Each structure stands twice: as C-alpha cells, then as structure tokens.
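Be aware that the sequence shown starts at 86, since it is given in the numbering used here, and climbs by one per residue.
Check the hints yourself; a few may be wrong.
To be verified - Using 30 Å as the maximum straight-line C-alpha spacing, the simulated DSS-like pairs for lysine-lysine come out as follows:
1) 312 with 193
2) 312 with 333
3) 333 with 193
These are computed hints drawn from the structure, not numbers from a lab.
Here the structure is a predicted model, which means the values were calculated and not measured.
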Amino acid sequence: MAPFVRGAGDPTSHLGSDGRWFAWTTPDGPVTLNLTDEGGDVRARAWGAGAEWMLEQVPDLLGARDDPSGFTPHDDVVARGWPRLSRWRVPANGLVAQMLVCSVLEQKVTGREAFSSQRQLVRRFGTPAPGPGEELGMVCPPSPTHWAQIPSWAWLRAGVDGARSRVVVTAMRVAGRLDECADLPLEQARSRMRSLPGVGVWTAAEVAQRALGDPDSPSFGDYHVAKDVTLALDGEVGDDARMAELLKPYAGQRYRAQRIIQATAGHRPRRGPRRSLPTHLPTRF
Numbered sequence: 086m087a088p089f090v091r092g093a094g095d096p097t098s099h100l101g102s103d104g105r106w107f108a109w110t111t112p113d114g115p116v117t118l119n120l121t122d123e124g125g126d127v128r129a130r131a132w133g134a135g136a137e138w139m140l141e142q143v144p145d146l147l148g149a150r151d152d153p154s155g156f157t158p159h160d161d162v163v164a165r166g167w168p169r170l171s172r173w174r175v176p177a178n179g180l181v182a183q184m185l186v187c188s189v190l191e192q193k194v195t196g197r198e199a200f201s202s203q204r205q206l207v208r209r210f211g212t213p214a215p216g217p218g219e220e221l222g223m224v225c226p227p228s229p230t231h232w233a234q235i236p237s238w239a240w241l242r243a244g245v246d247g248a249r250s251r252v253v254v255t256a257m258r259v260a261g262r263l264d265e266c267a268d269l270p271l272e273q274a275r276s277r278m279r280s281l282p283g284v285g286v287w288t289a290a291e292v293a294q295r296a297l298g299d300p301d302s303p304s305f306g307d308y309h310v311a312k313d314v315t316l317a318l319d320g321e322v323g324d325d326a327r328m329a330e331l332l333k334p335y336a337g338q339r340y341r342a343q344r345i346i347q348a349t350a351g352h353r354p355r356r357g358p359r360r361s362l363p364t365h366l367p368t369r370f
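Please take these sequences and the hints and turn them into a complete structure.
As structure tokens, then:
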C-alpha cells in the first residue's frame with residue numbers, strides 16, 4: 086500500500102495499530118477505507134457514499150488482477166530479490182482521475198514539494214473523511230468537479246505553477262473518460278491517458294502503477310529511477326535508454342522488475358543539497 090501514501094502528513098492515509106486507512110473520493114462519493122491483517126486474511130471495512138464501490142474494488146486493490154506467474158529473473162539482482170518479493174502484487178484502486186491529479190502535482194518538482202502542495206489543496210478543498218476517518222483527521226480529496234473549480238491563486242499559493250494546474254483542470258473535465266480506463270486493456274488505457282495535454286509517459290505510468298495494476302509501466306522520465314536501475318545492473322549510472330535495454334528481457338513485467346531491483350539494490354547515494362527545479366511562482370514579501 087506504500088505507493089498510495091504521498092509523504093508524511095498525507096491527509097488521505099493513516100497507519101495505526103488498527104491497520105491501514107485511506108480517504109478517497111470514488112465515482113459514488115467520499116469513502117473511508119480500513120484494511121487490517123487478520124492472520125493472513127485481509128479484513129476491509131468502508132464508510133461513506135463510496136463504501137460499496139470501494140469494497141468491490143478491494144480485491145484488485147490487493148493485487149487480484151495482477152498475475153506474476155511466468156516471471157523469470159534474468160539478472161543476479163532480480164534473482165536475489167525475487168524469492169523475497171514473489172508474493173508482491175501490483176495494486177489497482179481503480180481511481181484513475183484521482184491518481185492522475187497526484188502524479189501531475191509531482192511533475193518536475195521534488196517529492197517533498199509535491200506532497201506539500203497536495204496536503205494544502207486537499208485540506209482546503211477536500212471533504213472530511215466519513216465515519217472514523219474524520220476522527221483520525223483524514224480528508225478525502227476534492228471530486229473532479231471541485232478540482233476543476235479551484236481558482237488559479239489557490240494553486241499558486243499551494244506551490245503549483247500554471248502549467249501543472251492547467252493539466253489537472255483539463256483532465257478533470259474528462260474525469261469520467263479517465264476513470265473508464267480502469268476497464269480498458271492496459272495499452273488502450275495508457276494511450277487514452279497520454280492523449281491529454283501534459284500527460285506523458287512518466288505521468289501515465291505513475292497512474293497505471295496505482296490505479297490499473299499495470300506490471301509493465303516502468304518509470305521512464307523519472308529523475309532517479311533510471312540512474313538507480315542502471316547502477317544496480319551495470320555498475321554505472323545510465324539514462325532511460327539504457328534502462329529500457331536492461332529491462333527488455335522483462336517485457337510485460339518491466340515495472341515488477343523495476344520494483345524488485347529498487348527493493349534489492351536500494352537507491353544510489355544522493356549527492357549535494359536537496360533542491361527544487363526552477364519555477365516562476367510569485368513570491369510574497
């Protein structure tokens with residue numbers, strides 16, 4: 086469930102002694118979802134207008150649509166990691182439009198900045214999570230209609246430049262078409278997402294990894310992933326083109342291979358201060 090947590094203080098997620106909690110906005114409305122491990126079985130409970138919709142989605146959220154059978158390691162790193170991670174499944178929460186917003190906010194900025202922007206926007210324009218979620222301080226993200234209605238000054242105040250906010254607003258106007266991607270063949274779903282202005286390979290992959298259970302959408306275009314993967318497999322840092330070559334033997338399962346490599350080899354040492362990419366946001370004095 087880690088891919089669904091957007092940094093510390095994410096108002097849409099909570100981890101406690103009583104399991105993992107999520108506050109999401111489904112096509113039927115807001116929902117609070119609680120998942121608990123009960124001796125190897127998962128118990129799911131939900132509250133709110135979106136409860137029935139979300140409970141029907143839980144098997145896919147836990148990876149039911151993902152089939153790793155036939156996956157074969159083709160290098161030493163994956164061979165080391167596969168026994169430990171062979172039970173890991175790619176999740177699919179079915180919330181394509183909502184996951185797209187999160188991914189667009191993460192374009193061309195550090196994760197810390199993106200998570201801060203999301204926290205501010207969700208807390209300001211979202212709705213209190215139904216049931217016990219509100220007591221936990223959780224907030225459901227805005228609906229597509231409400232995302233599209235956020236004024237430009239509010240985006241800027243949250244640290245989101247006009248380029249990214251325009252992508253979100255445009256996408257939310259066709260949110261229904263986006264959510265249909267959950268029922269399309271994966272290649273068709275990726276193509277539909279990438280047909281939107283400002284949604285490229287990286288953004289579509291980030292959505293597919295969370296909303297569609299796609300095991301073959303590696304993170305091309307990510308600032309770190311190609312460097313980590315190529316260093317792990319080649320012993321030296323390379324680019325997306327080299328990562329694509331190294332992942333060719335895993336066609337159909339490239340994202341699975343990427344995750345196993347990252348979990349096994351870890352991340353390369355980060356050098357230099359954490360910095361933000363240049364923006365042209367107004368500064369308040």
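Hint check results:
1. 312 with 193: Distance of about 16 Å is within 30 Å: holds.
2. 312 with 333: holds, 16 Å
3. 333 with 193: holds, 26 Å
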